[in-house]
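Engineer: Read left to right, the sequence shown gives residues 1 to 433 (the working numbering).
Warning: the hint list may mix true and false statements.
Now the in silico label distances, taken between C-beta atoms and shown as ranges [to be verified]:
hint : residue 1 : residue 2 : range
1    : Y257      : T280      : 55 to 61 Å
2    : Q117      : E152      : 48 to 54 Å
3    : E170      : L139      : 42 to 48 Å
4    : H162      : E289      : 17 to 23 Å
5    : S360      : R252      : 23 to 29 Å
6    : S420      : M282      : 54 to 60 Å
7    : G333      : G283      : 55 to 61 Å
8    : N416      : T280      : 43 to 49 Å
9    : V164      : N416      : 48 to 54 Å
10   : T298      : E152      : 42 to 48 Å
11   : C186      : E370      : 19 to 25 Å
Mimicking DMTMM-like on lysine to aspartate or glutamate, the simulated pairs with C-alpha atoms at most 25 Å apart in a straight line are [as the list claims (entries may be wrong)]:
hint : residue 1 : residue 2
12   : K253      : E392
13   : K358      : E238
14   : K265      : D254
15   : K389      : D368
16   : K378      : D330
17   : K374      : D231
18   : K253      : E149
19   : K220      : D239
20   : K153      : E176
21   : K358      : D368
22   : K358      : E249
23   : K246      : E359
24   : K374      : D239
25   : K281      : E149
26   : K389      : E249
27   : K358      : E386
28   : K288      : E166
29   : K389      : E430
30   : K156      : D284
31   : K220      : D234
32   : K281      : E170
33   : K220      : D254
34   : K253      : D368
35   : K389      : E423
36   : K311      : E370
37   : K358      : D231
These are calculated hints, taken from the structure and not from any lab test.
All residues carry an ideal CB built from backbone N, CA and C; glycine is no exception.
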Amino acid sequence: MRALISGRYINMPIWILPHWEIKSDQSLLSIKNFMRLHVKNLENDFGDRFNVYKRDCNTYFGEVMPVMGRGFLAVVLVVILFLVGMNFYTYVIFSQENLELKNKLMLRIGEYNNLEQAHNSLQGMYNELRQNYERLAELNKNLTLQVSEAEEKYQKLINSYHEVLEANRELARALEFIANKLIVPCNYTLAGGPTCIENNTFTLMSFYEFINRSIYAYDKEMKEYVYSVTDGWDGSEEDFRSDLYKIYEAWRKDFNYMLPSPAQKNLTFIVVGTWWYPPTKMGDHFLKEVKNYDVMNTTVVGAPISFRYKKGVCWDYATVLVALYYAYYDIAGRSLPTGYLSIGLLDMDGHHGCTLIKESGDRVAIIDWEVITKEDNKIVFIPFEEAKKLHEEYWNSRISYDAVQRRTVTSPFVINNFTSNEEFHKWLIEEFN
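Construct the complete structure from the given sequences, taking the supplied hints into account.
Structural biologist: Right, here's the structure in full:
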């Protein structure tokens, strides 16, 4: 600021704190050094300006005061003092602001240092994490390769497991096929037709299946025997009953009682038992062991065997007679319900077997060692109660009718057991057809 005094300009110091812009690319350290240098320059400039003002005042009072009046001199002095005070006040204010800025700058520098340390720490952590990531990525790559190889091996193992398991099951099925089976020659005659595959000499059959199919079977020899005895059926009722008697008469003449019965035959029997099927770790069961196995001979019986021997007990006699009647029915094309009748001789404490034939209703014929119901060399059918009475008179004992064995259209061997004669009588009427 310049003032016009006594025709000349006098420089008056007006302190103005210079302003600057802190750009984003300036470092805080450079700002700090700049502020220190600027404050020092201000202090030096203020001292120089004060000396100039002092010299100008001495000049002014030495030259101007004699000319101007005391009043004007006082005004000028007041103005000068005011300006000096204003400059001092300005200096003080800006010095305080400068001090505050210095303090804020120091705080900023401290925060910057803290941030720099945090940044360096985070950068170190980042570098460490990156190294760990790269190491884990490499491990993952290797592990993925190992897993792929393991999956391939696992698939091979599981495929092999299923192949071995299936082979084990095939072996078990093969063992089950031959287990507990009779080796039956193909020349055996069994009810239900041939069982052998063409060109085979034997077949395998369970014991009970063989018994069921052999007891009332008849072979070619038995069929020829029946035909030679009856000369066939002429279609009349009288000839039919006569033929039934002729068959009985011929067989009773040829059969001889013998105890024990020799009418039996040995067949090879394959015994396989005690199968152990433990579970695998996968939950499947497999055949681990068969503890008991053997090949042995076992005795079998049946009408064809008893017919060849023509010896035996009542069971052999009645069983063959039933089978001969079945052969006759097949030749004649007419059949009647016929079966092996098991009876209890209550007063003799014994059991016996004979033959039962039903005409209709409860009209029956009973053929024991002799024909219980006959007339003029013919089989006759009478009501059950009358036949029972004649039967008890024949044995001179009370009789219980305990069971009937027979063949049916659907099965070669069926057994029906009874607990009383009333139950037998009801079955005779309703089911024996």
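Engineer: Look at each hint and say if it fits the structure.
Structural biologist: Taking the hints in turn, this is what the structure says about them:
no.: 1; hint: Y257 <-> T280: 55 to 61 Å; in the structure: 60 Å, holds
no.: 2; hint: Q117 <-> E152: 48 to 54 Å; in the structure: 52 Å, holds
no.: 3; hint: E170 <-> L139: 42 to 48 Å; in the structure: 46 Å, holds
no.: 4; hint: H162 <-> E289: 17 to 23 Å; in the structure: 21 Å, holds
no.: 5; hint: S360 <-> R252: 23 to 29 Å; in the structure: 26 Å, holds
no.: 6; hint: S420 <-> M282: 54 to 60 Å; in the structure: 57 Å, holds
no.: 7; hint: G333 <-> G283: 55 to 61 Å; in the structure: 59 Å, holds
no.: 8; hint: N416 <-> T280: 43 to 49 Å; in the structure: 47 Å, holds
no.: 9; hint: V164 <-> N416: 48 to 54 Å; in the structure: 49 Å, holds
no.: 10; hint: T298 <-> E152: 42 to 48 Å; in the structure: 54 Å, violated
no.: 11; hint: C186 <-> E370: 19 to 25 Å; in the structure: 39 Å, violated
no.: 12; hint: K253 <-> E392; in the structure: 24 Å, holds
no.: 13; hint: K358 <-> E238; in the structure: 16 Å, holds
no.: 14; hint: K265 <-> D254; in the structure: 20 Å, holds
no.: 15; hint: K389 <-> D368; in the structure: 14 Å, holds
no.: 16; hint: K378 <-> D330; in the structure: 20 Å, holds
no.: 17; hint: K374 <-> D231; in the structure: 21 Å, holds
no.: 18; hint: K253 <-> E149; in the structure: 86 Å, violated
no.: 19; hint: K220 <-> D239; in the structure: 23 Å, holds
no.: 20; hint: K153 <-> E176; in the structure: 34 Å, violated
no.: 21; hint: K358 <-> D368; in the structure: 15 Å, holds
no.: 22; hint: K358 <-> E249; in the structure: 19 Å, holds
no.: 23; hint: K246 <-> E359; in the structure: 18 Å, holds
no.: 24; hint: K374 <-> D239; in the structure: 14 Å, holds
no.: 25; hint: K281 <-> E149; in the structure: 23 Å, holds
no.: 26; hint: K389 <-> E249; in the structure: 23 Å, holds
no.: 27; hint: K358 <-> E386; in the structure: 14 Å, holds
no.: 28; hint: K288 <-> E166; in the structure: 13 Å, holds
no.: 29; hint: K389 <-> E430; in the structure: 21 Å, holds
no.: 30; hint: K156 <-> D284; in the structure: 18 Å, holds
no.: 31; hint: K220 <-> D234; in the structure: 22 Å, holds
no.: 32; hint: K281 <-> E170; in the structure: 20 Å, holds
no.: 33; hint: K220 <-> D254; in the structure: 18 Å, holds
no.: 34; hint: K253 <-> D368; in the structure: 13 Å, holds
no.: 35; hint: K389 <-> E423; in the structure: 17 Å, holds
no.: 36; hint: K311 <-> E370; in the structure: 17 Å, holds
no.: 37; hint: K358 <-> D231; in the structure: 23 Å, holds
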